[in-house]
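Participant: Sequence:
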Amino acid sequence: MIARHDAERPLFFGADQGLFGIYHPPAVPATQAVLLCPPLGQDHIRSHRLYRQLATALAAAGVPALRFDFHGSGDSAGDSTDIRWNRCLADTTAAAAELRQLSGCEHIALFGARLGGSIALAAAANVKPDRIVAWDPVLNGPDYVARLDALQDSLRIDTRRFNQARTAEVAAGQWQGFTVDARLRQQLAELRLEPPAVQVRLIESALPVTTSADRQRFIATGATVTTLSSSTPWEELERLEMAIISHELVQSASGLLREPT
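Be aware that the sequence shown starts at 1, since it is given in the UniProt record's numbering, and climbs by one per residue.
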């Protein structure tokens, strides 16, 4: 069990002080820190507890960590319809600068699950981390959009949640309870990530959500893969409202993130 750490520091930062974060300081001076990039939409809500557990574990091990919300998500300013891919990358750069200032550490690592992992990978050129640990990252945008569309279509006709099936028009522009702006949808539909010029550690659930071609491109450039012993129900209709919990992930990720620079 992870010990409770009561030194969490909520803060607002960024150019307009509109980004919300929670800093987890270590008990002793550190030489490296970790920025936790959240996913978007329903994945963000479902993984919130896990992100807190990971940040707490890192701080307890002497590694400062910063959790934060992108503009338009969580407790940051803006609405979900304001979320844009490039803004997420800029927010990540701002969060990395804030973490370096708070921790006094120049060396940082990035962690992200799903789209959080994708954003971490795409922001690497500006953030300049020592390594990135990405859990089930979205490497192929068109495939991801198609899967979420299919999940949304299954959800709209699910009479266990609704008295009757909804029409496609009523459910249009949504992904699992979140309104998705057409511009963000198009940005994700065009997303094809290239391996960044930093050390990449991929953590995959037992049933990988990445396509083999995209996965192989990363492995071919030196990315290593850690496979968890169980699958993660990111897109299981029956478990959409359930929190994503994985003590194995917390243990694996914290170990990879604490590797010496």
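A portion of the hints provided could be inaccurate.
Unchecked claim - Derived Cβ-Cβ restraints for the label pairs, each shown as a range:
| # | residue 1 | residue 2 | range |
| --- | --- | --- | --- |
| 1 | Ala146 | Ala197 | 26 to 32 Å |
| 2 | Gln251 | Glu194 | 36 to 42 Å |
| 3 | Asp158 | Gln186 | 23 to 29 Å |
| 4 | Ala125 | Leu207 | 26 to 32 Å |
| 5 | Ala213 | Gly104 | 27 to 33 Å |
| 6 | Gly177 | Ala61 | 31 to 37 Å |
| 7 | Ile219 | Pro10 | 34 to 40 Å |
| 8 | Ala61 | Arg183 | 38 to 44 Å |
| 9 | Gln17 | Arg147 | 32 to 38 Å |
What the hints contain is simulated information worked out from the structure, not anything from laboratory work. Everything numeric in this text was worked out from a predicted model, so none of it was measured. Ideal Cβ positions, reconstructed from N, Cα and C, are used throughout, including at glycine.
Participant: Next step is simple, just say for each hint if it's right about the structure.
Facilitator: The hints, checked one at a time:
no.: 1; hint: Ala146 <-> Ala197: 26 to 32 Å; result: holds (29 Å)
no.: 2; hint: Gln251 <-> Glu194: 36 to 42 Å; result: violated (30 Å)
no.: 3; hint: Asp158 <-> Gln186: 23 to 29 Å; result: holds (27 Å)
no.: 4; hint: Ala125 <-> Leu207: 26 to 32 Å; result: holds (31 Å)
no.: 5; hint: Ala213 <-> Gly104: 27 to 33 Å; result: violated (41 Å)
no.: 6; hint: Gly177 <-> Ala61: 31 to 37 Å; result: holds (35 Å)
no.: 7; hint: Ile219 <-> Pro10: 34 to 40 Å; result: holds (38 Å)
no.: 8; hint: Ala61 <-> Arg183: 38 to 44 Å; result: holds (40 Å)
no.: 9; hint: Gln17 <-> Arg147: 32 to 38 Å; result: holds (36 Å)
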